[in-house]
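So you can see what is in the structure, the chains are spelled out below.
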Amino acid sequence: MKLPLQWCSEFTNVGDIDIKTFCDRMTDTGSKVEGWEECAPDVENVVVGRVVKIERHPDSDHLWICEVDVGEASHRTIVTGAQNVFEGAIVPVAKASAKLPGGVEIKSGKLRGVISDGMLCSIDELGLTTHEMPGNDSSGICILGDEFAGSIGVDIRDALLLRSVTVDFEITPNRPDCLSVIGLAREAAVVFGRTFSVPTPKDEVSGDGDDVSKYIKVDIDAPDLCPRYCAKVIKNVKIAPSPLWMRMRLRAAGVRPINNIVDITNYVMLEYGQPMHAFDYSCLDGAYIIVRRAREGELFRSLAENDTDKPLSPSMLVIADERKPVALAGIIGGANSEIKPTTTTVVFESANFNGTSVRFTSKAMNIRTESSARFEKGMDPENAMLALLRACELVTMLGAGEVVDGTIDVYPGKQTKRTVKFEPDRINDFLGTDIPRSKMEEILSSLGFGVESGGDVVTVPSWRGDIWCMSDLAEEIIRIYGYNEVTTTLPLVRIKQGGRTQRQQFELSLHELMCGMGLWETATFSFIGPRYLDMIRVPEDDKRRNCVVISNPLGKDTSIMRTTALPSMLDVLLHNQNHKNLSAAMYELATIYLPRGEDTLPDEKKVLVVGMYGGGVDFYRLKGICERVILSAGISGYKTYAVRDNPSYHPGRCGEIRLADGTVLCVLGQMHSEVAEGFELSGEIYAAEIDVEAIFDRRISVREFRQLPKYPAVWRDFSFVCDEEIEAGSVVDVCYEAGGELVESAYIVDVYRGEQTGEGKKSVSVRVHLRASDRTLTDAEADEIAARILDEIGRRLGASLRGK
Amino acid sequence: MELKEKLLAIKEEAARLFAEENADIEALRIRYLGKKGELTAVLRGMGAVAPEERPTVGAIVNEVREFIENKIVELREKRAKEEFARRLVAEKLDVTMPAIMPPVGGRHPLSKVKLEMENIFLGMGFTIAEGPEVEYDYYNFEALNMPAGHPARDTQDTFYITDKILLRSQTSSVQVRTMEKEKPPIRIISPGRVYRSDEVDATHSPLFHQVEGLVVDRGITMGDLRGTLLIFAKNLFGEATRIRFRPHHFPYTEPSAEVDVSCFACGGEGCRLCKGEGWIEILGCGMVHPNVLSGCGIDPDIYSGFAFGIGIERVAMLKYHIDDMRLFYENDLRFLAQF
Numbered sequence: 000m001k002l003p004l005q006w007c008s009e010f011t012n013v014g015d016i017d018i019k020t021f022c023d024r025m026t027d028t029g030s031k032v033e034g035w036e037e038c039a040p041d042v043e044n045v046v047v048g049r050v051v052k053i054e055r056h057p058d059s060d061h062l063w064i065c066e067v068d069v070g071e072a073s074h075r076t077i078v079t080g081a082q083n084v085f086e087g088a089i090v091p092v093a094k095a096s097a098k099l100p101g102g103v104e105i106k107s108g109k110l111r112g113v114i115s116d117g118m119l120c121s122i123d124e125l126g127l128t129t130h131e132m133p134g135n136d137s138s139g140i141c142i143l144g145d146e147f148a149g150s151i152g153v154d155i156r157d158a159l160l161l162r163s164v165t166v167d168f169e170i171t172p173n174r175p176d177c178l179s180v181i182g183l184a185r186e187a188a189v190v191f192g193r194t195f196s197v198p199t200p201k202d203e204v205s206g207d208g209d210d211v212s213k214y215i216k217v218d219i220d221a222p223d224l225c226p227r228y229c230a231k232v233i234k235n236v237k238i239a240p241s242p243l244w245m246r247m248r249l250r251a252a253g254v255r256p257i258n259n260i261v262d263i264t265n266y267v268m269l270e271y272g273q274p275m276h277a278f279d280y281s282c283l284d285g286a287y288i289i290v291r292r293a294r295e296g297e298l299f300r301s302l303a304e305n306d307t308d309k310p311l312s313p314s315m316l317v318i319a320d321e322r323k324p325v326a327l328a329g330i331i332g333g334a335n336s337e338i339k340p341t342t343t344t345v346v347f348e349s350a351n352f353n354g355t356s357v358r359f360t361s362k363a364m365n366i367r368t369e370s371s372a373r374f375e376k377g378m379d380p381e382n383a384m385l386a387l388l389r390a391c392e393l394v395t396m397l398g399a400g401e402v403v404d405g406t407i408d409v410y411p412g413k414q415t416k417r418t419v420k421f422e423p424d425r426i427n428d429f430l431g432t433d434i435p436r437s438k439m440e441e442i443l444s445s446l447g448f449g450v451e452s453g454g455d456v457v458t459v460p461s462w463r464g465d466i467w468c469m470s471d472l473a474e475e476i477i478r479i480y481g482y483n484e485v486t487t488t489l490p491l492v493r494i495k496q497g498g499r500t501q502r503q504q505f506e507l508s509l510h511e512l513m514c515g516m517g518l519w520e521t522a523t524f525s526f527i528g529p530r531y532l533d534m535i536r537v538p539e540d541d542k543r544r545n546c547v548v549i550s551n552p553l554g555k556d557t558s559i560m561r562t563t564a565l566p567s568m569l570d571v572l573l574h575n576q577n578h579k580n581l582s583a584a585m586y587e588l589a590t591i592y593l594p595r596g597e598d599t600l601p602d603e604k605k606v607l608v609v610g611m612y613g614g615g616v617d618f619y620r621l622k623g624i625c626e627r628v629i630l631s632a633g634i635s636g637y638k639t640y641a642v643r644d645n646p647s648y649h650p651g652r653c654g655e656i657r658l659a660d661g662t663v664l665c666v667l668g669q670m671h672s673e674v675a676e677g678f679e680l681s682g683e684i685y686a687a688e689i690d691v692e693a694i695f696d697r698r699i700s701v702r703e704f705r706q707l708p709k710y711p712a713v714w715r716d717f718s719f720v721c722d723e724e725i726e727a728g729s730v731v732d733v734c735y736e737a738g739g740e741l742v743e744s745a746y747i748v749d750v751y752r753g754e755q756t757g758e759g760k761k762s763v764s765v766r767v768h769l770r771a772s773d774r775t776l777t778d779a780e781a782d783e784i785a786a787r788i789l790d791e792i793g794r795r796l797g798a799s800l801r802g803k
Numbered sequence: 000m001e002l003k004e005k006l007l008a009i010k011e012e013a014a015r016l017f018a019e020e021n022a023d024i025e026a027l028r029i030r031y032l033g034k035k036g037e038l039t040a041v042l043r044g045m046g047a048v049a050p051e052e053r054p055t056v057g058a059i060v061n062e063v064r065e066f067i068e069n070k071i072v073e074l075r076e077k078r079a080k081e082e083f084a085r086r087l088v089a090e091k092l093d094v095t096m097p098a099i100m101p102p103v104g105g106r107h108p109l110s111k112v113k114l115e116m117e118n119i120f121l122g123m124g125f126t127i128a129e130g131p132e133v134e135y136d137y138y139n140f141e142a143l144n145m146p147a148g149h150p151a152r153d154t155q156d157t158f159y160i161t162d163k164i165l166l167r168s169q170t171s172s173v174q175v176r177t178m179e180k181e182k183p184p185i186r187i188i189s190p191g192r193v194y195r196s197d198e199v200d201a202t203h204s205p206l207f208h209q210v211e212g213l214v215v216d217r218g219i220t221m222g223d224l225r226g227t228l229l230i231f232a233k234n235l236f237g238e239a240t241r242i243r244f245r246p247h248h249f250p251y252t253e254p255s256a257e258v259d260v261s262c263f264a265c266g267g268e269g270c271r272l273c274k275g276e277g278w279i280e281i282l283g284c285g286m287v288h289p290n291v292l293s294g295c296g297i298d299p300d301i302y303s304g305f306a307f308g309i310g311i312e313r314v315a316m317l318k319y320h321i322d323d324m325r326l327f328y329e330n331d332l333r334f335l336a337q338f
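So the sequences go chain by chain: C and G.
Take the first sequence: its position 347, counting from 1, is numbered 346 in numbering that gives the first Met the number 0, and each next residue is one higher.
Take the second sequence: its position 101, counting from 1, is numbered 100 in numbering that gives the first Met the number 0, and each next residue is one higher.
By construction, these hints were calculated from the structure, which means they are not laboratory data.
A portion of the hints provided could be inaccurate.
[Unchecked claim] Below, in silico cross-link-like pairs of lysine-lysine (PhoX-like), each with a Cα-Cα straight-line distance of 20 Å or less:
1. G/K35 / G/K10
2. C/K309 / C/K323
3. G/K182 / C/K495
4. G/K163 / C/K362
All figures in this text were calculated on a predicted structure; none of them were measured in a lab.
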């Protein structure tokens with residue numbers, strides 16, 4: 000809301016307050032100032048002048064030499080190239096040296112040999128438009144008109160009323176009353192302790208025997224959506240530009256002047272906050288206005304430029320005549336009844352509409368106006384009549400037409416005044432303050448509340464639809480008293496367990512582990528596009544294709560909630576490759592969103608996704624990271640299985656780490672080359688997806704100490720030659736199974752392929768540690784176990800000792 | 000006595016030879032103590048010595064042998080020491096050569112700021128509450144005093160899944176879930192992701208992070224809200240930090256405020272960071288609206304509370320002087336490794 004301070008001062012004088020102080024204090028008390036500006040900050044040393052004499056430039060076929068009276072002792076000579084200047088013309092003159100908008104400076108200089116001591120200005124050069132200065136356009140010099148004949152030499156900012164300062168407020172949705180000059184003036188008066196008064200608009204009766212009832216009848220068919228409808232008729236209308244003062248006030252408030260009738264409705268909306276509409280009476284069929292719900296499929300074309308017929312629905316409220324809608328209630332008028340230069344009779348509407356209804360209609364029709372922005376926040380129905388009378392007063396003042404006697408006021412939604420319990424002690428307890436009751440009463444009363452000294456209740460002003468309870472009153476009091484006057488204290492609390500839950504601690508330790516292993520945490524968007532699932536080659540029937548879909552996404556690539564964090568990670572790797580980072584090791588503890596049905600919230604699960612390239616990373620390093628995560632949770636008894644058919648991964652370099660019951664803890668591997676290429680990634684790309692939920696569920700949170708071994712271990716080394724297809728892991732498995740419980744550990748020491756092993760064969764070297772907890776094993780015992788292992792390996796894997 | 004003299008001459012000669020710079024220890028050992036060595040030869044000649052002189056000569060022989068043997072040991076030790084010293088010299092490294100760095104990773108700057116905030120409140124006895132990001136309209140709006148059609152909904156452009164389900168636009172949704180489950184005293188913070196349909200640019204993102212706070216108990220005042228946030232601000236931005244409340248409007252708090260902290264770059268003098276204001280807007284807060292309390296089954300006549308919400312990105316940008324929000328989600332290692 001732009002507030003021209005001059006306008007504000009009509010209701011409470013703020014003209015003497017330093018602008019910075021004004022802005023700061025208004026912000027501190029709840030009317031947030033976004034900024035302020037002067038009407039014409041860059042115009043300096045431009046005055047009103049009269050062209051006394053004009054003759055052709057001797058050396059030019061288009062330049063004119065003007066002798067200009069600017070109220071100084073002698074006339075100035077000014078050369079101009081404009082063709083609309085004439086002797087006697089009253090024009091804005093930029094004297095050398097003058098300043099104009101856009102950093103332009105005017106100095107005297109020679110134009111084809113003739114000294115020009117300034118410049119005659121066009122409206123463009125003054126930063127004005129044809130709307131504010133009707134009859135002028137940017138092609139010629141601005142002709143001011145004879146009403147400025149007495150102002151020769153006067154600064155143009157004074158002559159054109161461009162001195163005002165406008166303050167821009169950000170008004171919160173609970174204060175629609177402050178979307179008006181009067182509303183903000185009332186706030187300013189309270190803040191600065193000034194008197195505040197709004198003159199009651201004059202409702203003059205002509206007594207010519209004419210009456211509004213002879214012109215029009217109004218009915219409200221939807222009182223739930225239209226609590227009040229006031230109207231008056233203006234006859235013998237003369238559409239013309241409104242006077243300078245009104246045009247300049249509208250300009251200062253950011254509204255474009257159009258003609259006297261339209262300007263009056265806008266002026267009143269800005270002043271009172273009450274949106275109004277003006278209909279061309281001749282366009283209303285049946286001399287009738289009905290406020291009703293639209294009929295299904297009924298067409299409406301607004302007065303907005305280039306609008307087309309659009310269908311309405313029965314949830315929308317329209318203003319209609321006998322046959323057709325003529326306005327979308329509270330939003331915009333129809334093209335069929337708009338004010339035209341030929342309009343002679345006008346119906347002024349000043350009504351009140353249900354905010355929610357206006358909001359829904361405005362959204363559905365995708366039309367937002369100054370009017371809808373006000374109505375949807377809830378306007379004061381009491382204001383409607385005052386605004387209407389003010390508009391009529393302005394009509395008379397401007398000579399824009401004759402106000403027909405009589406007023407229409409259909410008011411089915413009149414409310415009794417609301418009262419709120421006033422408990423000063425409770426308010427002080429709530430705020431932690433010690434404000435005297437009298438001070439509270441003074442503040443509330445200045446804000447327009449009905450306060451009886453010592454009373455139990457206060458009456459809420461009709462324009463304050465946001466005040467309902469004690470805390471609302473507390474806010475009114477403390478925002479004026481001063482938020483920063485509240486002493487800081489600390490809550491007196493009952494002790495309660497604080498801190499992180501087990502799950503939160505678990506996640507924190509996962510982060511520490513990942514960072515400790517040299518990985519960097521990433522933060523990626525939770526939404527992706529369906530094409531990302533294609534890019535990681537998720538099969539059509541895969542459950543990851545079932546996603547939570549955003550109905551109003553910003554774009555296709557952010558339209559579904561991710562069911563896998565893999566694409567997000569690959570995007571991160573791509574960004575790093577594109578920016579020439581030679582290697583990357585990244586992770587994210589990412590949320591995925593798995594649908595559980597239409598009206599149910601999805602399952603939000605955490606996955607630990609890892610992505611790496613470069614820096615010597617290979618499958619086994621990645622596997623080490625994954626195993627460390629699992630081991631850190633105290634989980635043992637997992638095994639890695641080769642997975643050949645995961646389409647996202649290299650068929651020969653993908654594994655799953657599973658528990659004995661088949662639970663998959665982790666999928667890991669090198670990305671399939673088609674996936675990598677799809678993302679435009681180069682080189683070997685490794686990734687893993689670790690199921691954090693499964694690991695958390697199976698974690699061993701309480702660790703139990705085991706005695707350190709008292710007796711030494713013995714070990715036996717074996718080198719088996721077996722078929723290439725035999726997995727090293729199965730050799731180890733057999734060692735455990737055949738060796739029995741005395742096998743403390745068995746692990747691969749080396750895998751060798753060469754001439755000695757032969758084609759299609761490999762040599763796997765295993766070391767087996769044997770230990771008994773109650774004695775030192777004898778060689779004989781160890782040998783016997785070794786023999787059993789050998790035997791089983793031969794029988795189950797067809798492997799034999801190397802060299803035998 | 001010829002033999003005696005010969006032995007002394009051997010000793011003298013040996014002393015000279017062992018003292019030579021490049022004395023060859025092994026050659027000298029063989030020369031004197033070897034099977035055909037000079038001393039061995041003398042010993043062999045002992046048979047010719049008169050029996051009464053044998054003890055005397057024998058003693059001299061032993062003395063000379065011991066002398067030579069000692070010389071050998073002595074010289075070997077000396078040589079070993081020299082060799083050791085030479086090796087140390089040879090093993091010298093250029094300590095200015097580049098280090099081999101152990102791999103190191105790190106938390107995302109947003110996580111670091113989040114942890115810092117969490118720790119401040121955990122220290123004050125708060126717990127961390129979590130809630131779903133895909134949320135019912137009820138928890139995100141309705142229960143927060145923003146029924147359907149409420150104009151304040153327009154201030155948060157929301158992503159919808161269905162009419163009733165949306166991507167939460169504020170972590171305040173967790174307030175309601177917490178109050179439904181727990182009875183006062185309640186002291187929680189709730190960090191997490193929130194979503195608003197803003198196009199990505201230097202200061203906007205459709206996804207960002209907030210930390211929500213909620214305290215509900217008997218006798219909680221606006222002064223308590225100010226005190227708690229002052230502690231928070233001092234911990235986060237430094238002991239000299241001051242706070243300033245400005246009235247604002249949130250449908251779920253009343254009174255509501257926006258909070259500025261004194262600029263931690265200039266201390267309030269006015270600088271580029273605070274755009275010359277001396278103050279930086281940092282969070283929104285207020286006293287929990289009675290409608291919100293009673294909607295959650297908490298009697299506003301008995302209990303009161305305060306709530307606040309703070310943007311993690313905003314704090315991280317201020318703290319680290321980051322000028323473009325997009326950097327957080329690009330995850331460029333050159334960016335991540337700076338924090």
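Structure-based check of all given hints:
A threshold of 20 Å between alpha carbons decides the hint, and for G/K35 with G/K10 the separation of about 17 Å falls inside it, so the pair holds. In summary, the hint linking C/K309 to C/K323 is supported, as the alpha carbons are separated by about 13 Å, within the 20 Å threshold. For the hint pairing G/K182 with C/K495, the CA-to-CA distance comes to about 12 Å; that is within 20 Å, so the pair holds. Proximity of G/K163 to C/K362 is assessed by CA-CA distance (about 18 Å); at most 20 Å being required, the pair is judged to hold.
The structure is consistent with each of the numbered hints, conforming to all of them.
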